[in-house]
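A.B. asks: Read off the chains here:
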Amino acid sequence: GAVVSQHPSWVICKSGTSVKIECRSLDFQATTMFWYRQFPKQSLMLMATSNEGSKATYEQGVEKDKFLINHASLTLSTLTVTSAHPEDSSFYICSARDRGAGGELFFGEGSRLTVL
Amino acid sequence: DAKTTQPPSMDCAEGRAANLPCNHSTISGNEYVYWYRQIHSQGPQYIIHGLKNNETNEMASLIITEDRKSSTLILPHATLRDTAVYYCIVRKNTGNQFYFGTGTSLTVIP
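Quick mapping for you: the protein sequence lines, in order, are chains A and B. For the first sequence, the positions run 1 to 116 when our numbering is used. For the second sequence, the positions run 1 to 110 when our numbering is used.
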């Protein structure tokens with residue numbers, strides 16, 4: 001299957017700082033990427049849909065000014081958690097759909113954020 | 001997209017078939033059934049998807065009932081590495097977002 005890579009796989013930061021997570025589709029072009037958040041023992045929650053060359057679409061209840069999403073190219077989307085607080089500690093997962101494939105999404109390995 | 005209902009947990013003996021059910025009674029005609037699994041602390045992995053015909057690939061088989069209101073994912077010979085949370089998702093193939101339910105936590109027992 002297609003490969004989606006995230007970086008970093010884990011990050012620890014101090015409260016009040018900003019953290020950027022990258023999501024790359026390695027062997028296909030993705031006009032749309034998706035960002036999910038997962039708390040311990042819970043399911044994945046869709047945060048936003050990232051569209052190449054346009055503004056992201058956020059799910060209800062997700063603060064767009066806190067979770068900045070940029071999708072500058074067909075292979076890269078970034079999520080920046082601004083002014084992070086301990087409650088933002090979570091597992092962040094991106095996914096992308098190969099625009100030439102059958103509709104399935106391919107997921108990155110996830111990025112674990114811990115805010116101290 | 002239609003909602004899905006799955007049992008929260010299941011056990012399966014190693015080497016036996018694991019049959020994971022999913023109820024999607026409100027599915028509409030153009031919605032597909034997708035299955036993903038998530039091994040602890042990793043991103044979800046695509047398994048299989050189908051519309052109305054049964055599907056099989058190297059990982060699993062998907063059996064969809066004739067009225068399409070439910071489906072079963074079959075792992076023919078479960079191994080310890082199949083221990084994971086399995087998610088059944090219903091989505092239009094041309095639609096964008098995947099919304100995850102609570103899934104089924106499958107434990108394969110030696």
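Be a bit skeptical, because a hint or two may be false.
[As the list claims (entries may be wrong)] To list a few chain B residues with every Cβ distance to chain A over 10 Å, as calculated:
id: 1; residue: GLN45
id: 2; residue: GLU66
id: 3; residue: SER70
[As the list claims (entries may be wrong)] One-sided excerpt, in silico: chain B residues whose CB lies under 10 Å from chain A:
id: 4; residue: THR5
id: 5; residue: PRO7
id: 6; residue: CYS12
id: 7; residue: GLY29
id: 8; residue: ILE48
id: 9; residue: ASN54
id: 10; residue: THR83
id: 11; residue: TYR99
id: 12; residue: ILE109
id: 13; residue: PRO110
[Claimed, not checked] Result set (DSS-like, lysine-lysine): computed pairs, CA atoms no more than 27 Å apart in a straight line:
id: 14; chain 1: B; residue 1: LYS69; chain 2: B; residue 2: LYS3
id: 15; chain 1: A; residue 1: LYS55; chain 2: A; residue 2: LYS41
id: 16; chain 1: A; residue 1: LYS55; chain 2: B; residue 2: LYS69
id: 17; chain 1: B; residue 1: LYS52; chain 2: A; residue 2: LYS41
id: 18; chain 1: B; residue 1: LYS69; chain 2: B; residue 2: LYS92
FYI, nobody ran anything at the bench for these hints, they're computed from the structure. Idealized CB from N, CA, C, for every residue including glycine.
A.B. asks: Next, verify each hint and record whether it holds.
C.D. replies: Status of each hint after checking the structure:
no.	hint	result
1	GLN45	7 Å, violated
2	GLU66	23 Å, holds
3	SER70	20 Å, holds
4	THR5	13 Å, violated
5	PRO7	14 Å, violated
6	CYS12	21 Å, violated
7	GLY29	16 Å, violated
8	ILE48	9 Å, holds
9	ASN54	17 Å, violated
10	THR83	15 Å, violated
11	TYR99	6 Å, holds
12	ILE109	21 Å, violated
13	PRO110	24 Å, violated
14	B:LYS69 x B:LYS3	11 Å, holds
15	A:LYS55 x A:LYS41	31 Å, violated
16	A:LYS55 x B:LYS69	36 Å, violated
17	B:LYS52 x A:LYS41	32 Å, violated
18	B:LYS69 x B:LYS92	15 Å, holds
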